[in-house]
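Asks: Chain by chain, the residues:
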Amino acid sequence: MTVAPVPDSTLNAYVDGELSSHEAAALAHRAAHDPGVAARIAQLHHIKAAVGALADDLDFADPPEFSRPSRALRWPRRALFAVAAVLVLALGVARVLVPQTGPDTAVETARSPLVEGHDSWSAAFERSHDVPVAPEWLEGLMTATGLTLVHAAPSVAGTDRVMHYAFVGANDCRLSLFEHLMPGEVDMALSVEFEGALSTARWQMHGFGYTMVARDMDRARFTTIAAAVLDVTRIRAPVGEAIVASLRAARQRCTV
Amino acid sequence: MFKDQHHEWLRGFRRNLFGYACALTTDTARAEDLYQDALVRAMAARSVPAEQISFRVWMFRLLRNLWIDSLRARKRRIALMDEQAGVDCDDRFTTGGEERVVNQMAVRQAFMQLSKDHRDVLALVDIGGFSYDEAATLLDVPRGTIMSRVSRARSALACQLAEGPVVGLPLTTRRRAL
Chain A
148 MTVAPVPDST LNAYVDGELS SHEAAALAHR AAHDPGVAAR IAQLHHIKAA VGALADDLDF
208 ADPPEFSRPS RALRWPRRAL FAVAAVLVLA LGVARVLVPQ TGPDTAVETA RSPLVEGHDS
268 WSAAFERSHD VPVAPEWLEG LMTATGLTLV HAAPSVAGTD RVMHYAFVGA NDCRLSLFEH
328 LMPGEVDMAL SVEFEGALST ARWQMHGFGY TMVARDMDRA RFTTIAAAVL DVTRIRAPVG
388 EAIVASLRAA RQRCTV
Chain B
1171 MFKDQHHEWL RGFRRNLFGY ACALTTDTAR AEDLYQDALV RAMAARSVPA EQISFRVWMF
1231 RLLRNLWIDS LRARKRRIAL MDEQAGVDCD DRFTTGGEER VVNQMAVRQA FMQLSKDHRD
1291 VLALVDIGGF SYDEAATLLD VPRGTIMSRV SRARSALACQ LAEGPVVGLP LTTRRRAL
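Top to bottom, those sequences are chains A and B. Take any residue in the first sequence, count from 1 to its spot, add 147: that is its number in our numbering. Take any residue in the second sequence, count from 1 to its spot, add 1170: that is its number in our numbering.
One or more hints might be untrue.
[Stated by the list, open to error] Stretches of chain B that chain A covers, calculated by requiring three or more beta carbons in the stretch to come under 8 angstroms of a beta carbon on chain A:
id: 1; region: 1221 to 1234
id: 2; region: 1276 to 1284
id: 3; region: 1295 to 1309
id: 4; region: 1314 to 1321
Everything labelled a hint here was simulated from the structure, so no lab data went into it. Predicted model, so just to flag it, every value in this text is computed and none were measured. Positions of the beta carbon are idealized from the N, C-alpha and C atoms, including for glycine.
Chain B extracted, bound-state conformation (with noise of 0.2 angstroms):
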């Protein structure tokens, strides 16, 4: 049963589940939707981990799998097939010399571009904070998935940003509207 306890430990890492939200679903809305969905899903638990790690890879795992849920009702599947997509120019990366600062906007349109099973991994890691292990556990794969998808994640971003210009983002387009 969710506690006070659970609702502190919460606000210590909400903006990273946000952000997690977030990069799944790359749409600021249906992001808030999954959030609160998660959260309204984990004070309904008859069993909440009672330790503060656990509960955290708890609260991560239980949004992911209310976005599976959500993606396999609109029936698109075709979004957790795309694994392969981005990482054709690792040779190009990691080959290149030359450095290059990074810059913000065009990492956040790039991270946007890349498949799911990329945004998912990085952001658990870069954006959720976890550690392999804690990822691995997280998305119930050995220790070493975790090693090779982030590694071919941050390559296909690297990809992506060396392609050059990409397209504006849903999250960008829903809040001009607004």
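Chain A extracted, bound-state conformation (with noise of 0.2 angstroms):
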């Protein structure tokens, strides 16, 4: 008995969030049974957020500013853009130029590059303007915990391509979650670890492995917070009010 195929507009609402819950949860364990399935709605994933990417790009500049609708400074505002182009690109190369450090175990061989990608995102934060984009059953949980997106980009770690979202909260706490894209890979459950003031979490689901990284937060706030993101990469949708109530519930001082 063959089963019938599930139809593109209903696979882009998913990965839109558009389903409702019962749909996606329906979609969701079809995916994790059928890999044919789970592989096209990795793709589109992926080209979704490389499209909302695009406002981040370099020839999607930031746009004049608001208070200046005459256009007598245009041609050296593009010079700045240009400018500020040349500089991103160079910080781009330099960051695959210089060498990594080599990792001590296997688990680090996977995980440091995220770390590095964290720390390097931080110490930049404060120069950093973005007005980023992320799906909206992620902001919408990233919220609740209290914490707000201000970093969504495509970024490499060691020679694998991820989506890097930042985000910031009270008390400077800076929490990074990257999503990569693991084909074939199955299901994997939450993993933490602490090192220090260091937070690591991981886990991978329906074809996409994640890990979340954050420095000098409460550990229990992270491990709830980490649980939270799990269960929502489960479904791909808004989660429900109980998740909410209890993320508000776990916030935490960082600790820095």
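Quick one: dock chain against chain with the hints and give me the complex.
Replies: So this is what it looks like as structure tokens:
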């Protein structure tokens, strides 16, 4: 007995968080048992993320200042854009060319570039003026945690391309969520580790790998957030009131 | 009338609005013109939505209407008629099982080769962050139309990506000329 194919419009609606919770859960279950569906969802998700990141691209530079409708100063601004683009490109090239220090363990092999990615973003955050966009299901959840999305862009971690979402909260809390494609991989349960001030969480869901990184964050809060994000990556739809309430209750001050 | 509150709201999505202008025009200089024209028009409007979400939809619609006006003025109707471009390889996309890590540069170039309608709906949903309902309101079409347009647009984009090398963009060319 053959199973009817899932219409593309339904898959796209799933990726866009436009299905009802019941529909999304049913499709997630189908994807968990059908690699073809999972692969199509993965591709759509990456296309969506890549299109969304166009606004952060070099050529989609900052818009003209809102308070300056006059066009007289447009050439100097364009020159600034060009300089900024060159600087950003140079930083990107430097990041690729600078050799990475060797990790001690196999786990660190996969994780350290992401920790470095988090630290690099965190160090440069004060100079960042992003107006990022993340999937509604993710941004809504993180808002409930008290963290605000401040950065969303593809980046390179080691040899992998990843989607980097970064959040900040009160008391200088800073948290990164990295999402990367892991086609054909089975789902993997949440794994949380603490090394001094560093907190990391990893899991795999529906052909994607997720790594969450924070420093100096209350461990209970970090774990609560990781568990909630894992849940939302399972359904890719806005979460229920109970999860939101638990996240609000788990808010703790960052210790930095 | 435009108030301080509107300025504040606009700061929250101005980059998205400019990204939408870039997506429509495929040209940064024209996008700047379009963006600024939209702001000027908005600030001169007698009636501005007093609710945040309505205001956001109103701003995107205003910019889009200005762009359509400019297309008409330039008699570039052909750009409005290419809805079907690139959708004839849906089968390859929907049945192809291999995974590909999407290259951001390739996506940008492929996106700019999409038809106007495909760029329009993807920019609203993926860059503007609008829900299907909001996009339907903005474009004055049923929600189901948005659903099918998004699906076809992403299929067309996947086709562009699968077809390999794409030509340079006006955006890139312009910036190199600076």
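Asks: Would you mind marking each hint as holding or not holding in the structure?
Replies: Okay, the hints, checked on the actual structure:
1. Here's how the region 1221 to 1234 of chain B fares: 0 of its residues keep a CB closer than 8 angstroms to some CB of chain A, so the rule of at least three is not met and the hint is violated.
2. Interface restraint, the region 1276 to 1284 of chain B with chain A: holds (3 residues with C-beta to C-beta distance below 8 angstroms; minimum three).
3. Here's how the region 1295 to 1309 of chain B fares: 6 of its residues keep a CB closer than 8 angstroms to some CB of chain A, so the rule of at least three is met and the hint holds.
4. Here the region 1314 to 1321 of chain B counts 4 residues with a CB under 8 angstroms from a CB of chain A, which clears the bar of 3, and the coverage holds.
Hint 1 from the earlier list is the only one contradicted by this structure; the remaining hints agree with it.
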